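Just so you know, the sequences run in chain order R and F. All the letters of the first sequence, read from the start, carry residue numbers 1 to 327 under the numbering used here. All the letters of the second sequence, read from the start, carry residue numbers 328 to 515 under the numbering used here.
With a Cα cut of at most 30 Å, we get these calculated DSBU-like pairs of lysine-lysine:
1) F:Lys421 with F:Lys342
2) F:Lys494 with R:Lys144
3) F:Lys484 with R:Lys144
4) R:Lys2 with R:Lys28
5) R:Lys3 with R:Lys28
6) F:Lys494 with F:Lys484
Sample of chain F residues lacking proximity to chain R, with all beta carbon distances greater than 12 Å (derived):
7) Ala335
8) Pro426
9) Ala434
Hint data in this document are derived by calculation from the structure and do not stem from the laboratory. Computed from a predicted structure; not experimentally measured. All C-beta atoms, glycine included, are put in the ideal place defined by N, C-alpha and C.
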Amino acid sequence: MKKLINDPAHYVDEALEGLCGAFAGYDKRGRVIARAGGPSPGKVGVVTGGGFGHLPVFAGYVANGMLGACAVGDVFAGPPVDVCHQAIRAADGGAGVVCVLGNYGGDRMSFAQACEEFEDDGGATATVIVADDVASAPPTERAKRRGVAGMVFAFKTAGAAADAGASLDNVQWVARHTADRTRSIGVALSPCLIPGAAAPGFSVPGGEMELGMGIHGEPGVERRALPRADAVARAMVERLLADRESHGGRVAMLVNSLGATPLEELLILYRAAAALLAAAGVEIGIRYVGHYATSMEMAGCSVSLCDLDPEIESLLMQPTDCPFWPR
Amino acid sequence: MTDGLSAAGLADAVKRIHDRVDNLRDALDAADRVMGDGDTGMTIASVVAAWNGVIAADSPDVATLLQRMGRETRRATGSSLGSVLAIGLTAAGKSGGSPVQMLDAAATAITERSGAVAGDKTILDSLLAVRDALARQRSAVDAAQQALDDFRSREAKVGRARIYGAKSIGHDDPGMLAALLLLRTAQA
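Using the sequences and the hints given, assemble the complete structure.
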C-alpha cells in the first residue's frame, strides 16, 4: 500500500497539525484537539477520544455545536490516561464534562481513570458508551457491541444540547438516548495498513467482501463473493431493520465511506438503501453521505440508522461550524 | 521474580528486555495479526522504552520502581494491553510486599478496572498462573508457558478476539504471549 507520509512516528501529529492549519476552529495541545475558542463558561463540555486513523472521527468533530475536545491516541490505539485527562480539562466550562466513547477496552479504561482523577480534583463527569455495530454482538448482548460510525449522531446531539445550556444529566441522557436508537453495519472490500507495520492485520481476498467487518479489520458475520451494490445494500439494510424493535418510523441515515470508497459508490449504495427503507415504510428524515468514520485507506462503507424523535431530530439539525458536518 | 526480588534485579530485567525488544516486537506483531490489528509488538516496544527511562534514574525500592513503571506505561499508551499493564504495575507498586501479594493486588485492580475476569483468555490469566506458581515456589516462566498452552484451545471471551468466537480456538492471545516473552526475556 502506497502512503503519502514522511515518517510513521510523525503520522498522527503531522496530520493533526494539518487539520489545525487547514480548518479554523481547532487548537492542538499535544495530543488534545480542543476548540480554538476554549470551553463555554457555565456550559457542559462533551469529550471523546480514541485511536487515530478514523478521521473525521474523532478529532474532526471538535467544533462549536459538537465536541469540546478530543483525546487522540496512536493509530488504532487508545489515548493514554493523561491525554484523556487533558481533554476533559480542555472542555470543562465549570458545568461538568460528558465523555461519549466508542466501546473499546483501552478507550474505556483510560477515560475511566481520567474521569476519576478529574472528579478527585472536584470536577463532574458522566460517561456514555456507544455500541452501535450490530455485527459485533447479538441484540441480547448489545452492551458488547463495538462503536462505529453511528457514534457521530451522539456527538452531534450531545454537543448541541450542551451548547444550548443543558445540564450534565441532560446531556448524558441525550447522548445515551441517541446511542440507544442508533444501529450500524459495515462492509469491507480491502484492508488498510498501520504506518510502520510490516503487513495489514487482515485481508479481504480479491472479488470478496466481508459483511460486518469492524473499523480495525475485526471479523464480520459473513465473507462472500462481492455481489452487485444493490445486493450489498439489501444485506446491510435488512440486518439493521431486523435489529430494530419498532417498525416504520422516521430515521436519520448515514452512508459512510471507510476511506477509499468514493462518493460515487456511496451514492449508488444510498440509492438502493433509500428504496429499501421506503419499501419497509421507514421515512428518511435526514441524510448524511460521505466520509465520517474511516479506517485510513480501507475500502468499504457502513450504513447507520438513528431512530428519530422530535428532540433528536431538532438537535441533529442545530447549526455547527464543524467543517465535516453538513450545513 | 522470586522472594528476593530487588530494585536492582528488576532494573536489570528491564534492561535485558530493552536490549532484545526488537525480537519481542516482531513476534508479538505477528501473533496479533492473526486476529488483531498487528500492533501488540509496537505497543510492548513503547512500554518497554518507557520502563527503560525510569530504571536509569536512582534505584528506589521495588514498590516505588513498579509504581514509576506503571506511571510511565500510562503515559506511553492507552491501548487495552498497555492500560492493563499500567493498572497492574501501579497496583502492585502501591501494595508492595511479597511478589505474590503484589500480583494479587495487580490481579484485583485489573479485574475491577478492565472488565476482564479469570478465564477470559487474557494476560490476566497469565498473571494469575504466575501468581500461583510463585506461591508454590515454582517457575514463573514455566507457569506463563503453561497458561499459554492451556488457553490455546479455549475461546476468547473479551475484547476484539471475542468476536471470532470458536475461530479464536487454536490461537494464542497476544497479551498472554507478551507475558511469557517478557518473563522469559527478563530471565535470559
